[in-house]
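Engineer: Spelled out from the first residue to the last, the chains are:
There are 6 protein chains.
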Amino acid sequence: MRPSGRAFNELRSVTLEPGPAKHAEGSCLVKFGETHVLCAASWDETVPPWLRGGGKGWVTAEYGMLPRSTGQRMKREAKGGQSGRTQEIQRLIGRSLRAVVDLKALGERQIVVDCDVIQADGGTRTAAITGAWVALNQACNWAVRQGIIKASPITDRVAAISCGLVAGAPALDLDYDEDSTAQADANFVITGKGGLVEVQATAEGDPFSDEQFAALLSLAKSGCETLSKMQDEIQS
Amino acid sequence: MRPSGRAFNELRSVTLEPGPAKHAEGSCLVKFGETHVLCAASWDETVPPWLRGGGKGWVTAEYGMLPRSTGQRMKREAKGGQSGRTQEIQRLIGRSLRAVVDLKALGERQIVVDCDVIQADGGTRTAAITGAWVALNQACNWAVRQGIIKASPITDRVAAISCGLVAGAPALDLDYDEDSTAQADANFVITGKGGLVEVQATAEGDPFSDEQFAALLSLAKSGCETLSKMQDEIQS
Amino acid sequence: MRPSGRAFNELRSVTLEPGPAKHAEGSCLVKFGETHVLCAASWDETVPPWLRGGGKGWVTAEYGMLPRSTGQRMKREAKGGQSGRTQEIQRLIGRSLRAVVDLKALGERQIVVDCDVIQADGGTRTAAITGAWVALNQACNWAVRQGIIKASPITDRVAAISCGLVAGAPALDLDYDEDSTAQADANFVITGKGGLVEVQATAEGDPFSDEQFAALLSLAKSGCETLSKMQDEIQS
Amino acid sequence: MRPSGRAFNELRSVTLEPGPAKHAEGSCLVKFGETHVLCAASWDETVPPWLRGGGKGWVTAEYGMLPRSTGQRMKREAKGGQSGRTQEIQRLIGRSLRAVVDLKALGERQIVVDCDVIQADGGTRTAAITGAWVALNQACNWAVRQGIIKASPITDRVAAISCGLVAGAPALDLDYDEDSTAQADANFVITGKGGLVEVQATAEGDPFSDEQFAALLSLAKSGCETLSKMQDEIQS
Amino acid sequence: MRPSGRAFNELRSVTLEPGPAKHAEGSCLVKFGETHVLCAASWDETVPPWLRGGGKGWVTAEYGMLPRSTGQRMKREAKGGQSGRTQEIQRLIGRSLRAVVDLKALGERQIVVDCDVIQADGGTRTAAITGAWVALNQACNWAVRQGIIKASPITDRVAAISCGLVAGAPALDLDYDEDSTAQADANFVITGKGGLVEVQATAEGDPFSDEQFAALLSLAKSGCETLSKMQDEIQS
Amino acid sequence: MRPSGRAFNELRSVTLEPGPAKHAEGSCLVKFGETHVLCAASWDETVPPWLRGGGKGWVTAEYGMLPRSTGQRMKREAKGGQSGRTQEIQRLIGRSLRAVVDLKALGERQIVVDCDVIQADGGTRTAAITGAWVALNQACNWAVRQGIIKASPITDRVAAISCGLVAGAPALDLDYDEDSTAQADANFVITGKGGLVEVQATAEGDPFSDEQFAALLSLAKSGCETLSKMQDEIQS
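Chains as they are written, first to last, in full-length UniProt numbering: chain A, 1 to 236; chain B, 1 to 236; chain C, 1 to 236; chain D, 1 to 236; chain E, 1 to 236; chain F, 1 to 236.
If we strip away everything but chain A, and leave its shape as in the complex, we get (with noise of 0.2 Å):
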């Protein structure tokens, strides 16, 4: 038996509210059990400076947790001075939404989605991928309503959930427990079709066998695909 009482392959209560902040373009407020995130997506009219005259765009996150969405108060974070833990969250998270945006498409536009985590209970990164996403696809189908672009550039959907070794075996969706505790901690992130588009795998005591990992990956291509259903349910 997992700690969660869960059964190895199974995800925690999983719910995605789309359009929770009035003033973004997209929004979701995202929970994986008791960690809650809130995705705001802001469409930006201009690149930054490296990219202008390149007829591409950009999708980019922030992340952020509030000072007590942790047990322990945590300190604000601001742009140039987050911890390294924040920075590798942020750039995993704009990098999986690229890996579903056709940039060309998006033409010289910006989209910024900010991941703001509520409340933490483990997984708040791979919480606020798939949060991330259903923020994405709403702006772009604002800005298809509003006439700005033609079509949405969004070219498939893309989800992220935890795995790790518990007490020896492997377990799908960590909570703050299981993870505090797992011999090894693996982040998937995959796209709506099953391609693999991150995979990070990390010892945290032992090293891990290919078998191990084989047995984690497994369990993530199952658990994204049941958040791909339920982002594709989403009216947006």
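Hints are computed from structural coordinates only; laboratory data are not their basis. Some hints could be false.
It does not matter which identical chain is used: a pair holds within one copy or between any two.
Heads up, simulated DSBU-like pairs for lysine-lysine below, C-alpha to C-alpha not over 30 Å straight-line [unchecked claim]:
no.: 1; residue 1: Lys-229; residue 2: Lys-193
no.: 2; residue 1: Lys-56; residue 2: Lys-75
no.: 3; residue 1: Lys-150; residue 2: Lys-229
no.: 4; residue 1: Lys-193; residue 2: Lys-56
no.: 5; residue 1: Lys-104; residue 2: Lys-79
no.: 6; residue 1: Lys-75; residue 2: Lys-104
no.: 7; residue 1: Lys-150; residue 2: Lys-22
no.: 8; residue 1: Lys-79; residue 2: Lys-31
no.: 9; residue 1: Lys-150; residue 2: Lys-221
no.: 10; residue 1: Lys-221; residue 2: Lys-193
no.: 11; residue 1: Lys-31; residue 2: Lys-75
no.: 12; residue 1: Lys-56; residue 2: Lys-150
no.: 13; residue 1: Lys-229; residue 2: Lys-31
no.: 14; residue 1: Lys-104; residue 2: Lys-56
no.: 15; residue 1: Lys-22; residue 2: Lys-56
no.: 16; residue 1: Lys-22; residue 2: Lys-79
no.: 17; residue 1: Lys-75; residue 2: Lys-22
Using the hints provided, position chains B, C, D, E and F relative to the given structure of chain A.
Structural biologist: Relative to chain A, chains B, C, D, E and F alone:
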């Protein structure tokens, strides 16, 4: 008529939801119409260095806005690099709360109340003060129940409201549209017993007269009375 | 009796010395007793980026303290890293000056008034506002003489004074010792014609009543009237 | 054929020169072809504050690039202001080294390994990990000879290599030109005994398949085996 | 003839006014013509961490310019973010003062001398050193009178002057206009007994010869002799 | 005898290796005994904003130390946050190089010379200047060969050496041990034709006399003559 359609002495729809943040010792989601602020109190068994050995505690606040809580995306701010506006607001919240806390009775401990604006539509600082008191009160009651302190150090309630001259007439609890065009902008922080804690009034265009100022103060006193009663009805 | 021996409605000895800074377009060394502030206005033919093309000018202020202007040595502060107190003060000075300048008549130009405290003994922000107006006025007259603008954009004088409850009684123009023990601390910014520009009052201990607040306002109005006359007598 | 003319499973010319930095407790100049990294280990008899009193030591890394190690001059970076890329790399190096150190056996001490890129031509992070292990090992042997610790806390060797899909085919140890056009980019950190410590794979364009990923892993295992033997042959 | 009309070996009008800063333990307002610097010494009963337990004290300096001390408004600077020029100057002032203080006799205490330029017209660093010695001396005498130390740790006087090649000829104590066109720019710090403490000479255009350098040194020795006598005549 | 066993007028073993950095337009690995500095010149077709439109170019330098180039590990420094010592050194290198470049002949271009200390044993700044000239010269010759400029803007060679009073006697080219105990520390920058570009001498303990200073200058002139010949013999 006001742009919002409200009577000149009418508050927006106000709700105070206690306890939304599971990790915090006290919390409140406060809504003044479309202005939503999440207030979370963190109990800290140490005081800042400059207070050590003095036998007194401290209550302070931090204020932040989610990047897309507003119509235009804003930059994230970290402690030390916050804008003048942010620093003014969090210093105001801190002073307002300390006015109703017996810092000696608290002992050498600190309570930090984070006020994070989830959605902004004018009056975020007054909503924050009103909600922060609920979070603070809840944290103090928690500490009593835990046996950390014998009795709550809170000596009174405190609430805040904005007023302004809208189309020449004194109006209560301005929303963003009203605030943008007001001739004068004032914030009042008032205790449950009706004492004045903070008075701040600024002419945005022409200076205002003593009589106009007196009318704003009168509106604020009735508004804070209503808010104070709502605070009193919360069980925590 | 007040600790300073002054009557409760008595200002400290005040002097306004115009023109001490040979490089500046306008300047004033203002002394409120032992509080000495050097105000220097710099004329700038460009406006900040966010105002460009709008046909309006800008007036802003920076406030600083020499490290040993105070009893305890203080740290130097640079723009962007200033304390909350410093930012509040310089924002207040800037707003106060703008209240008496026709920014359209100024045209797309900026005037920066630096207020540097040479020696501090309470009331530095009110001395700064009072002296800054002299420096600003001098700079505008300079620009008229130079043929840069046709007429001065200044529409009125503006002065400021602090008041407080000292040993329970309302008192005018507190020095450092009086300020340290005051129950309430208030600053008023008032135009030559008697209009209110800024009202700020803070309870330091117990809240204060409406009546006490009214007494402070009344003292301030008479104090600012005196300061305004002194400003009027300066040739510049 | 690969752009570099190498076979798809062929490493660049690799050298590990131990001891080039006379002041450091351990050092290694590692070259993977034209990529040159100077690794220097500093022995520190104190641990970071958050580890004090826990009886365990720490191993960490910093990564830097000389401004003209690359085709385009880069900015110098200081701790706290490092780019997201730099932080990701130095966190990866630190985790990789800790995977083969018994931190309890090390005791409350810290070893910092600085990895400074003298010249860059792709694969700097994997070269750095491979060389950093040599510097770390040398520092631990130094400490044993000095009588500071009784036995080396190092439990295994660790090496790293990059792989990628070049023109659709899996290739080992990409240089800069190959890396720039690769469809997928992967880094593997593997112990002397063949255990997986870190797996990171990123799709640069189209997502990749499970089979492609398995081919990359297989190449990496053989590459790291070669590197591990070279590490073993160094006398230190 | 020099642009200033002075003889080539003639100082500007120099005054040293002791004691202008009422809060400081020692102070001096020094004027070299239109260059005015306020020097204030702060006595600190602790030394910086790297000196603790060594039985020696420290003397250091900070240098600043009021934003409008110059023809073009300058930015405020804080410790840690000061320009290279500012850091060079304050390091020079500190070294110059330490050359005439017995740091063991001072004991584990620090004296910080703040040198703030109120108005600049060339030669601010040499005026600052000359005035800083007066402030430092006054602070040490104050400490003797207070019974904090038994005897002043000051071993000699120290003064400084600039020289340069103006229109090919060696000239003493350059003002801003002369300095802007000088071919070489030199600063000399010399003790009361005539010993050299600091020699700094920089070619601004063509290199200078040994003979030219010798002439500058000769001028500086006579200038510092005059300044040293003025320091000696101050009662403090 | 000197601690190093060298004669008082004897340089350490000096080598100048041109071209070690394959990406740079010019480079030199300079060794003064155990002091090793890698100098790399970067050609930039734009000038800093304050020079644009003036028809002149710019030459500047940055100086850095690898964290473990010294006995005690040092912190990395980034532009804007460099220590006073680092800023002094890089300003000195830049001024020294500009003294032998015709900036008009260079045209509106900038050359940045990075001087990174790989290993430190005293005299890093003088080694850096000597090696930076080689890198700069190589970059200018490269630009001539590329047809970017018609003729090299370099007007002379420039080299630098340190001297000091060691055990009371003037000595040339101090290493770290000698420098730590020297009574006076001086650096001289001298052109190929023997002109003085920079003279800097600092008393570390007692002040020094005119005669002592003259002896240091004489040693430096002969040392720089030797270095200048070595620079002349390099083909680039």
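Engineer: Of all the hints numbered above, which does this structure not satisfy? Sort the numbers upward.
Structural biologist: 9
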